[in-house]
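Sequential numbering of the sequence shown, starting at 24, is according to the working numbering.
Don't take each hint at face value.
20 Å max Cα-Cα, derived PhoX-like pairs, lysine-lysine [to be verified]:
id, residue 1, residue 2
1, 116, 140
2, 116, 83
3, 58, 83
4, 86, 116
5, 58, 116
6, 58, 46
7, 28, 89
8, 28, 46
9, 106, 127
10, 127, 28
11, 140, 28
12, 116, 89
13, 86, 127
Label pairs and their computed distance ranges (CB to CB) [as the list claims (entries may be wrong)]:
id, residue 1, residue 2, range
14, 90, 53, 16 to 22 Å
15, 131, 40, 16 to 22 Å
16, 130, 71, 20 to 26 Å
Hints were generated in silico from the structure; no laboratory data involved.
Being a predicted model, the structure only gives us computed values, none of them experimental.
Glycine included, each C-beta is placed from N, C-alpha and C at the ideal position.
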Amino acid sequence: MEIKKILTRLYVNDINTAIEFYKKLLNQDCDLRFKYTEMNLELAQIGNILILGGNHEALKPFKDTKATFLVDSVIEFREFLLKNDAVIVRDLKKVPTGMNLTVKHLDGTIVEYVEHKNINS
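Let's have the full structure, built from the sequences with the hints guiding it.
So, in structure tokens, the structure goes:
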């Protein structure tokens, strides 16, 4: 069980402007960009920043999630978290990048756990 990377989440209405700004700020290229059409969102990763773009209504269900943890096995983390008093907010689900799970930790922090299928994080 390993957390490979922790991403800070940013919620924006204009993803193109945000991507250009953070590329310049971090002096890094966009590592990943995709549309999550099922949720009316577009996502981009630049370094340790995950940008979620969409309108207010599309972003609303996700804004309480404070971070995304990229992990080697979302299933192993699910078991560990449940044994350690975490509460499932959104259970295991296939997503465009692989599989995810969103939980509320014992301290109340909501975190998304993602296991990517084909990227080198």
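What's the verdict on residue 116 and residue 83, does the C-alpha distance respect the 20 Å limit or exceed it? holds (19 Å)
For the pair supplied as a hint, residue 116 and residue 89, is the alpha-carbon distance within the 20 Å limit? holds (19 Å)
Restraint check for residue 116 with residue 140, where alpha carbons must lie at most 20 Å apart: holds (13 Å)
Residue 90 and residue 53, beta-carbon distance inside 16 to 22 Å? For residue 90 and residue 53 the Cβ distance comes to about 19 Å; the hint holds.
Straight-line Cα separation of residue 58 and residue 46 no greater than 20 Å? Cα-Cα ~19 Å, so holds.
Are the Cα atoms of residue 106 and residue 127 separated by 20 Å or less? holds (13 Å)
For residue 86 and residue 116, compute the direct alpha-carbon distance and say whether it is at most 20 Å. Holds: residue 86 and residue 116 sit about 18 Å apart, inside 20 Å.
For the pair we were handed, residue 58 and residue 83, check the Cα-Cα distance against 20 Å. Satisfied, since the Cα-Cα distance of roughly 17 Å is no more than 20 Å.
Are the Cα atoms of residue 140 and residue 28 separated by 20 Å or less? holds (15 Å)
For the pair supplied as a hint, residue 127 and residue 28, confirm whether the alpha-carbon distance does not exceed 20 Å. holds (19 Å)
Mind checking the hinted window 16 to 22 Å against the Cβ distance between residue 131 and residue 40? violated (32 Å)
Would you check the hint for residue 86 and residue 127, treating anything up to 20 Å between C-alpha atoms as holding? Within the cut-off at roughly 13 Å; holds.
The structure fails to meet hint 15 from the earlier list, while all remaining hints are met.
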